[in-house]
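**Q** Those sequence lines, one after another, are chains A and B.
Residues 1 to 274 (our numbering) make up the first sequence, in order.
Residues 1001 to 1287 (our numbering) make up the second sequence, in order.
In case anyone wonders, no lab produced these hints; they're calculated from the structure.
A quick note: this is a predicted structure, and the numbers were derived from the prediction, not measured.
Some hints here could point you the wrong way.
Here are a few chain A residues that face chain B, going by a calculated C-beta distance under 10 Å [to be verified]:
id	residue
1	Phe-55
2	Met-64
3	Leu-68
4	Val-72
5	Gly-90
6	Val-106
7	Gly-225
8	Leu-227
9	Phe-230
A virtual CB, placed ideally from N, CA and C, is assigned to each residue, including glycine.
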Amino acid sequence: MIITRTEAWSGRLLLVVLMVVTIVPFISLFTTALHPSGSVPPGLSWPADPQWGNFLEAFDQAHMDALLTSSVLIVLGVVPVSVIIATMAGFAIGHLHIRGSSFLFVLFLLGLTLPLAGIIIPLYYLADNLHILDTKLAIILPLIGLYMPFGVFWMRAHFVNMPHELSEAARVDGATTSDLLWKIHVPLAMPAISSLAILLSVWTWNQFLLALVMVQDPLERTMAGALGAFQGHYATNIPLLSAGSLLILTPTLIVFLIFQRQFVSALLQGSLKG
Amino acid sequence: MASWSGWLYVVPALIMYVGFVLVPLAMTVQYSLLRWNGIGPSTFVGIDNYATVLTDPELVGITLNAFKLIIFFSVIPVTLGLLVASVIRRVATGSLGAIARTVLFLPQVIPLVAAGIVWSWMLSTTGLVNQVLSTIGLGGITRSWLADFGLALPAVGVIGAWVLLGLCTILLLTGMSKIDVSLYESARIDGATAWQEFRHITVPSLRYEIGVCITVTVIASLAAFDAIYISTLGGPGTTTTVPSLEIYRLAFGGRQVGLASALAVVLIALVLLAVLPIQRLTREESR
């Protein structure tokens, strides 16, 4: 490639500018969070007397301990079940080639582009009839269903590429279908399964509309749902709102920085396959 | 062999999917034919609700808003993403490129709700955007951007562009790493300029990845909810109201369950109509 000096420097300048635009909102949020509670600070300025206590106050006021527990419980309620049943279905459709598997595959694909708002109304009445409205189950059960198109699609894509010789050899040794799945294929599918688990955890953590509609008490919601309510209460107290928002988005940032590799590749494969 | 017993493995997934997706989908269609306040008795009104969705100026405007958002949620991230990805490939193969990938991806990780809160603050009267404008002598155009009738929609669009740029950049970078380097070498021997290389090699080779970016971002604009609910609640007036928000408002605030459901069906159809041609175009040519 021929690269002129002008191109090299203007290119780097563009990257730096875009990085600044990406990062600055976070910094603005951070400096704002350190200003005295209740004041209206300018967008970006270091306070004379940083109020680190704002984070503690926001932690208390937002009931972060209860929130974290609730969000973790919702993730634990959604992700393991979703991953297990999507793996089973993906295995049956992609590897066992059960009768009607192409019909089943298309049926699941139908749900892949469905916007949640499209079915949120019946979901609400359904939860009402099941008497689970205002409980975590009203978030957990619909989310499991909503994740099935992607989950089955994802796991099928993995199992389709597994060689049949492997299963045939195991069958000769007397393995049942269930041995085949749990003892031979699941261990080999761990990379695909863990990527799916990371993706579903983040999507659950960040789920907002479902939490907003199903659960009135913010403390029983997902993190994103609680953040929405927190904004409603503290819209006028900008430093405290900023501190609370930072606290609430820190866990996802930490998870991202730790699992960056898996995270990015999972998200990319996810959208490329979709 | 186990052709029918294998069904047992699909049953749990199928039950959850049918129960919480397909049945609600059918119920949305059913509700859309009713006049119903969600509590009392309902009346069958046929396609009346659809007629309202397609003719009421306010509802049509709301649907058009979603299409206007495509410029910010889709066109800008995809074109800028192409540019940024080529820049990273050409001039920032070292640590600058690696840092840029991580940093640009950050907004994709945080909840959209948080992005909404961050930008509500950035775009407010005392926010950083106005502070910067005043500093560079453009104090005259400062305003509360999200409360401005003409500019609230573009302002909300900026949030979407901010969130989606990193995803597009990294998707396109992955595609670029698969392009055969010898293509560029022979183009260079033939005396191709950087722009010609970009137009005749990079873009055609990335057909599939570009298609994916467009699909994902178009769905994000048509189905947008979180960031808009947080930053403007659809206001001022209905200038930033989008279908998902209106469905929520009509059904749970306005008690017009039938009308909201008709809008929901229209939204589902629009997403499919927008996504299917893109899929067909990119898949036929690239595979």
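**Q** Look at each hint and say if it fits the structure.
**A** Hint check:
A distance limit of 10 Å between C-beta atoms decides the matter here; for Phe-55 (chain A) the minimum to chain B is near 16 Å, and the interface restraint is violated. Taken as an interface hint, Met-64 (chain A) does not check out: its beta carbon lies about 14 Å from the nearest beta carbon of chain B, beyond 10 Å. Interface hint status for Leu-68 (chain A): violated, as the beta-carbon distance to the closest one in chain B is roughly 14 Å, over 10 Å. With a cut of 10 Å, the hint placing Val-72 (chain A) at the interface with chain B is violated, because the nearest CB-to-CB distance is about 15 Å.
Of the supplied interface hints, the one on Gly-90 (chain A) holds, with its beta-carbon coming within about 8 Å of a beta-carbon of chain B, less than 10 Å. Interface restraint check: Val-106 (chain A) against chain B, minimum CB-CB distance 13 Å, threshold 10 Å, status violated. The restraint placing Gly-225 (chain A) at the interface with chain B holds, with a minimum CB-CB distance near 8 Å, inside the 10 Å limit. Checking Leu-227 (chain A) against chain B by beta carbon gives a least distance of about 5 Å; that is within 10 Å, so the hint holds.
Interface restraint check: Phe-230 (chain A) against chain B, minimum CB-CB distance 9 Å, threshold 10 Å, status holds.
Figure legend: structure checked against the earlier numbered hints; hints not met, in rising order: 1, 2, 3, 4, 6.
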